[in-house]
Every structure is written in C-alpha cells, then in structure tokens.
Amino acid sequence: MNTTNSLNHSRRIITEGYHGYNLKFSPQYNFIALAGAENFGIKGKGSVFIYDLFKPNPLVQRYLYSDAIFDVSWSKVDPSLILTGSGDGCVQLLLPCCRIHEKEISSIEFFAFDQEYFTSSSWDSKVILNSFSSQTPICVMESGSLSMVYEAKWSPVRERCLASVEANGNAFVWSPFNSDRPNIVLPNVGAEILSCDWSHSDPNYLATACTGAIVHSWDLRFPNKPLLELMGHENAIRKIRFNPFLTDEVATVSYDFTTRLWNIASGLEISCVKSHTEFVYGVEFSLCTPGMMADCSWDQTLQVYEIGPHKYLQQNSRPLPIASKPFPFSSQNTFASKPLPPIPNK
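Just so we're aligned: the sequence shown equals residues 1 to 346 in UniProt numbering.
The hints are simulated quantities; they were obtained by calculation from the structure and are not laboratory data.
Here the structure is a predicted model, which means the values were calculated and not measured.
Accuracy of the hints is not assured; some may be wrong.
Listed below are the simulated DSS-like cross-link pairs for lysine-lysine, each with C-alpha atoms no more than 25 Å apart in a straight line [claimed, not checked]:
| hint | residue 1 | residue 2 |
| --- | --- | --- |
| 1 | K76 | K55 |
| 2 | K43 | K103 |
| 3 | K45 | K103 |
Please construct the entire structure, taking both the sequences and the accompanying hints into account.
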C-alpha cells in the first residue's frame, strides 16, 4: 500500500440516536451538515446536524423532521441555505417544503453555476431539475428502466451537465436545460451503481462505485468502456468523492466499514482505515480546508480526518488551525413550517 497520503483521525463526533446517511462541508465556513435517520432509515424521524468542527462542543444546531433525512446540500451563494431530501419524497429548504417525488429521495444538490436551480433523484426512477421560482419542474429525467436512481451529481467544471446512476447498473450523462433524454449512456457494470462523482479539473472524467465493490473511472470522450477498475473493498461501495485539491485522488466508503483513499490514475490504494462498526454511508472533502475529509456511518458517528504526506493512521486530538466563522442560521426550527402544496404534473 502506498502511504504517501494517509488518513489521520482528527475528531470523532457522536450522532446519538441517528444513523448517518450523508454529509456535506459548507463551501464557505468551517461547518459540516449531516443527514441522519432513526432506525437505519426504515422508520422514524430524521435530523440534520450542523457542526462547527473547530469548537470544543461542535453541535451548533439541529433540525428535526417527521421522516428520515437522506441527503443535504449547501448553497454556494448563500451559506444560510441548506436543501435536504427525505424519505417521504419531500425537499426542504429549512422553511417550507414541497413534495417533488413519489418515493424516497436519494440525493439532492444545488446547481453550482446558478443557485436558483437544484436537482433531486429518487427511488421513483426520476431525476428532477427544479427551480425555486417555479411551481413545476424544469425537467424530469427518466431513463425508461423504472430503476431506482441512487445519485445525481452536477459536474463542477462541465457546465449544465449532470450524471446519474441507477440500480440497474447503468450511468447516464444529461444536459437537463436542453433535453430530458440522456446525452451519454455508459455500459452496464453488472451491479447496482450507488454513487458517482466528477473530477474537479477534467470535464470528461467521471467515476462510479457499485455494489460489486468496484470503482470504475470513465472518460466521456471514449464512453464504450471504463478506463480503470479499482478493487479492494470487500463489500458494496456506498459513496465516492473526488478530492477538489488533488486531481487524481478519490475517497470511497463501504459496507465493509472502511474508508479508503485511491489514486484513480494509477489504480493504487493510498490508505485504508476502519473507523466504524457499521456501514459507512457518506464521505466528503472540505472545499475550504485542503486535506480535511469526513465520513459518517450507521454506527451513529461522524469521523473527521486530516490527509497529509507520510502520516500514520492514529488518533490526533490537537486543535485544528483555522478560526471559526459565525454560524449564519437562525435558531428557529424551520422544519416545523407547514408544507407547500404538491407540485402539479406537467
């Protein structure tokens, strides 16, 4: 195993009573938001935890909801805005909520180039492009397979381009502002694809992760077969993310309880750590602090890591060297607001 960069345990946070599904770093401050659910998301309530990673007592605010919360997304323009997607098919913007999907929402994300828009994917087989100024969807994307969509991700560099992955083993690339049909259909990988992510520097580079415990990297200029396969996990890979500061570095988390770093160009595993005692569901890199990463698990913990050259995998309790910013949210539990009427079908 290459140990040039390895994962250094920096902090462990307990999410008591709630099993972590996904988490996102704030694009502007030292905050992280975690989406959680009671009873592994099978039944019960959901919660969004907001943490300041540079305070001794990190919990800043917590929002409760009547159903499981499966994903969160921060606005890159207004740091006070967070979108969430829940098990009842609702999208929440901290204040009112509206029903967009017929089944569980699996992922949600602001459109990076214009925060007026966001996408949501669902087990109802749809990816929907939404606008805050419209009561009807801008675009409803369906592959025709009636398969659950596990994730939809905007490219950070390929403007107006979206990737989605499905339970049937296919991945799609869309231009939803122009068409509701996919531009590219990637070959079936023979297993459910649970996650995807884009390179932060190359607009043609995409990676997918599947229940077959394999990461596939793709060059969209040559989409007929994957560039590379990364193997090492012992169970399904739940999430994959590119490091925004290192072109070829990706992180994965898995049902084998491990978190791993890879060089996706060479195919080498950089580091592997087993920080959890249950499925690891979410992983994200900080967009503000190079070398900071976090994951969350069904064992009701959030783990923060530092990534650096020649570091061993060990507990590190020293203070992190960045001053905290003021928390931008109000203290009101905005999920208690009455929902908006359902969005009508076109």
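Right, here's what the structure says about each hint:
Taking the CA atoms of K76 and K55, the gap is about 23 Å. The hint holds against a cut of 25 Å. With a C-alpha separation of about 14 Å, the suggested pair K43 and K103 falls inside the 25 Å cut-off, and the hint holds. Straight-line distance between C-alpha atoms of K45 and K103 comes to about 16 Å, which keeps the hinted pair within the 25 Å bound.
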